[in-house]
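A.B. asks: Now for the letters of each chain:
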Amino acid sequence: MAFLELNDVRKVFALQTAVDNFNLHVEQGEFISFLGPSGCGKTTTLRMIAGFEHPTTGQIRLGNNDVTARPPNQRNMGMVFQSYALFPHMSVADNIAFGLTIARTPARETKKRVGEMLALIKLEALADRYPYQISGGQQQRVALARAIVIRPQVLLLDEPLSALDAKIRDSLRVEIRAIQRQLGITTIYVTHDQEEAFSLSDRIVVMNAGRIEQVGTPFEIYNFPRTAFAASFVGTLNVFPATVVDAAAGRIMVDNIALTTEAITTAGVGQQINVALRPEMISLNESERHDGDNQLTCVVENITFRGSIVRVQVRLGNQSLLVDEFNRPDLNVPQTGHQIVLSFPRNACLVLG
Amino acid sequence: MPFLIFAFAFLILPTLNIIIGSFQDATGAFTLENISQLSQPIVLSAYLTSIELSLVTAVAGGLFGFLIAYAIVLGGLPRWLQSAVITFSGVASNFAGVPLAFAFISTLGRLGLVSVLLKSVFGIDIYQAGFSLYNFLGLSLTYIYFQIPLMILIITPALEGLRSEWREAAENLGATPLVYWQRVALPILLPNLLATMVLLFGNAFGAYATAYALTGGTINLVTILIGNQITGDVLNNPGLGNSLSLGMIVIMALSIGGYTLLGQRTSRWIK
Amino acid sequence: MLKKRASGSAWSWLWFALGAAYFIIPLYATVDFSLRAKRGELSLLAYANVLKDPRFGETFLFSAEMSLLTIVTGIILIVPTAYWIHIRLPKLRPVMEFITLLPFVVPAVVLVFGLIRIYSHPPFMLVSSPALLVAAYLVLALPYLYRSVDTGLRSIDIRSLTEAAQSLGATWPTIIIRVILPNLRASILSGAFVTFAIVMGEFTMASLLVWPAFGPYMDLLSSSKIYEPSALAVISFALTWGTTAAIQLLSRRIPGQAPMAGLK
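Chains as they are written, first to last, in my numbering: chain A, 1 to 353; chain B, 1 to 271; chain C, 1 to 264.
Simulated from the structure, these hints should not be mistaken for laboratory data.
Check before you lean on any hint, since a few could be wrong.
[What the hints assert, rightly or not] Here are the simulated lysine-lysine pairs, DSSO-like style, with alpha carbons at most 27 Å apart:
| id | chain 1 | residue 1 | chain 2 | residue 2 |
| --- | --- | --- | --- | --- |
| 1 | C | Lys225 | B | Lys119 |
| 2 | C | Lys91 | C | Lys225 |
| 3 | A | Lys122 | A | Lys167 |
| 4 | A | Lys122 | A | Lys111 |
| 5 | B | Lys119 | C | Lys52 |
| 6 | A | Lys122 | A | Lys112 |
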């Protein structure tokens, strides 16, 4: 029995199905991200867990209790909103203390716990300030403290970083993860930013159009995406159509060029499939070539310098292919218009369903 | 700049003239005589009535207006109703003076629709029972007609500014709807509510036309007294006119100043 | 939860209904009253009487003229000023805020009192000139007219427009007349309608400065007639409704456009 369970949850709004066939079991202390484009139903799902929306059908269980019909103020979940949602008329300390005073926690205990929280988010000096007097990043840390001071069973974060500047976003992301580890709170994190999801989560739930595309660890999602959507949503991806020549041997044809993949189980000979290839799996370097790797001769079309990597765009038949090389001082940067040989191992080709 | 000359000649100069004139006698020498004349019983009672009338209509109109605004913004009424009410409020807050007086005479005057209906259907003669449209109570009812829509116009944006996340955050932290209102929504709205009521107070305090049209100048309000000073009906005493006006300006300045200060507070919160 | 929402909505309907009753009954009563000039039947007799009265037309025209004068003077005075403050003198903005707030602080009756004290003796004998009435009306309308123009200026990128026109060789009058005014048309019109509504219904200034305007005429009629004043009130509602509808059509910036102290 998992700590938090969503069983066959479905949510229908007036005209459309926002969430459908949603099944997820979350273990205690786990950090789960809902990752997907806007409108994929991730926020709706989070709001159903919080109790702000009611599932049309299905069940939500928390710690072995059915909480589907329980109002939000009795769920003991802490929520952090994208817009911080701090109470504007209360000081930082009063904001954090809000949930405790509602629970009629004794004043001394409240004071102590608010102090601990302020120390945790390193804002002791700003306890008496008002939300409009502190920065967005500080406000969001206060919102986080306000949500966890009540010792919630589940911490819910709804795109908490998307209103912040890139720099603050990165540092706060690290802080959120550290605090979550330290306190061991079961956490659901909604985001459309794959980098956030990858760096924070124990498991990621990739969502699209109201449905779960794939659930897995960041490693699984990135390396073994199970659907075309999951593959294309996380990371950059070359996707091209191919025809199966020999399914068992993994031989396929792409624009009259023969390639080898792992054994294909999802399609038979002569069928059209989609093959995905991560840019960083392709190598321009001879020394990285192994026996049995695919080798292709291509023409360099364009080169983009992107800091830690160099992105090379090459032409392969009718396809354009992206290749990422790590930027090293000794890198032999190819020239536009030149022919180069690139290679990739057969297991780098992902056959998509 | 022509505009500044205009503003000086027709707005600032008259105001200054009143302020200075309040401390001058007929020869132009400094005196406190005019100010001390404010303690005459008739003047004191005029101020008292004006303040009472403004206070009662500001509070009653403000509360009622707030409830209506709440109903149309947060009460789950259809969206079109909200814009209809706002549009109507825009008109009704303009609706004052002589036509408003007639509307109430047609409703609650001796031959008014409601008075007659109450008498013929329920057998209640409100005039026999001591009601009159032409005294304090009647005037209050009439003033409330333009106070409510003004409240609705000003408080609606504030209610719309109550972010749904605040309610959700509060509920999430264990607050019941009642606690949310006590601890979050009302404290956030309070400065705005007070500010608007202070504005309503000033709105009623400076009103002349409605009171004059309804009572024919018989009710003892400060504005009526000043009007009488101008038309020369009673106690034509320019010095007193000045100090009466000064008193009004002071009270109005306090009310507008209070409105502005309180308003700044919320706008600082909700940036 | 859902039940609570439903009951909340019932309360809302109740408050709304009470409010609606409070606002509609007097309007209905006025219309009803205005139709009862003939004993025992509904008729338009009161309206006919009003329209037959030559003073109706005279006072109505007088007020309309005054409002037109107020609007034209107001536009000439306010548009260049507001524009200039936007472009060159943003420091003067607090001063303008103060000036446009002042008409609320100084009630109409007090303002008239002050105006009479100053302009009833030499060197400025204006008290019997309609210019003083127009000036007084303009003070009443000032906050609305100025704010309307000011928001209009805020909503367009006035500086770029000016610089673009300048770089094309336009002179200041050309810029104001050919570039700024057309862009401000909606906000000026909406300010003009508010001014019109204020002046047409104004009683205090006109009556205390003794002018035969529409407001005092309505009051005068009430002391001599019974049903006609209600007919006049209905006509006045219609006028207010018409202008407000026009304003609403022109701009959706409703809050803050409600005339206050001046009218009452």
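A.B. asks: Checked against the structure, which of the hints given earlier come out wrong?
C.D. replies: 2 and 5
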